[in-house]
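S.K.: Position chain B against the provided structure of chain A, taking the given hints into account.
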Amino acid sequence: MNVGLNEYILLSVLLFVIGFFGVLLRKNTLVIYMCLELMLIASTLALVAFSRFNGRMDGNVFVFFILTVAAAEVAVGLAIIVALFRKRLTVQVEELNSLKN
Amino acid sequence: MSNSLFYFFAALTLLSAGAVVFLRNAVAAALSFFVSLCCTGVLFVMLDAYLLAFMLILVYAGAVVALFLFIIMLLDMQGGTRKPFTKASMVASAIAGALLLVGVGVFAKHSEFAATAATLPADSSFSTDLKVYGASLFTTYLLPVQVIGFLLLIAMLGVIVLSKRFDGAEDIQ
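Protein chains in written order, with numbering that gives the first Met the number 0: chain A, 0 to 100; chain B, 0 to 172.
Only chain A is shown next, with the shape it has when bound in the complex (with noise of 0.2 Å):
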């Protein structure tokens, strides 16, 4: 049997639950964001099973969004992530509570 849908969206469905277990798991902000974009490959390798299999380029062409859309958070992101660590000298999220309390 051909590996159909089911298997390629059971792939991005487990790969998309990695990403999130991480993002609650670790401390490193960096990390969270690369487990933050685990979850958004996933989504795009759902939207891409999708397109193929219903033959429709639709998904495709939201991928290449998706695509340009993340290069651009990352920048965004580390930005934030270095000039948080400019004023706190940490990236550790267990350190970042001053909101506490």
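Honestly, the hints are just simulated from the structure, not real lab data. Just to be clear, a hint being listed does not mean it is correct.
Stretch by stretch, here's where chain B covers chain A in the computed footprint (C-beta under 8 Å, at least three residues) [said to hold, decoys possible]: (1) 6 to 20; (2) 24 to 37; (3) 50 to 64; (4) 77 to 84.
Below, a list of computed lysine-lysine pairs in the BS3-like style, where the Cα atoms sit at most 27 Å apart [stated by the list, open to error]: (5) B:K82 x A:K26; (6) A:K26 x A:K86; (7) A:K86 x B:K82.
Using N, Cα and C, we set each Cβ at its ideal position, and we do this for glycine too.
M.R.: Structure of chain B alone, referenced to chain A:
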């Protein structure tokens, strides 16, 4: 042949994604993120999305991972000896991830999704030529292209403002 290729690269993608989550060293995490991206690129090729695979490797594996590595080096945030996570957060995250998985599973089981085409459509009218992308980007998706261009401009301005040093702010000198 293509089946075993799919399973190989799917397993490699998941393995390296797991390595991103569990590796203590941030540089090692970034490198396994790179491996994961390359494997996803291969899966894109298997789905006939050649341009997207190329862009994924170029934009993500090239620019984004390089930027991540650069920032890790700049902030000297490899991790080293400190524990990356505690046991309590491990349990909580595992429960949250399992809940998400179960939620998606229940949704997939009870929706019409399972009944749609699970195999490749027979007609070969589907093509991922560059020409098709160009045609749809400049007709159907013309407005989104312009919005994206504007978004990139805004992002560039935002990064410039963010990386500027303000005199009044309580920066660490």
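S.K.: Could you run down the list of hints and mark each one as holding or not?
M.R.: Hint by hint, here is what the structure shows:
1. 6 to 20: It holds: at least three residues are needed, and the stretch 6 to 20 of chain A offers 13 whose Cβ sits within less than 8 Å of chain B.
2. 24 to 37: holds (count 11)
3. 50 to 64: holds (count 13)
4. 77 to 84: Answer holds; 7 residues pass the 8 Å Cβ test.
5. B:K82 x A:K26: holds (9 Å)
6. A:K26 x A:K86: Distance ~18 Å between A:K26 and A:K86 Cα, so the pair holds.
7. A:K86 x B:K82: holds (23 Å)
In this structure, none of the earlier numbered hints is contradicted; all agree with it.
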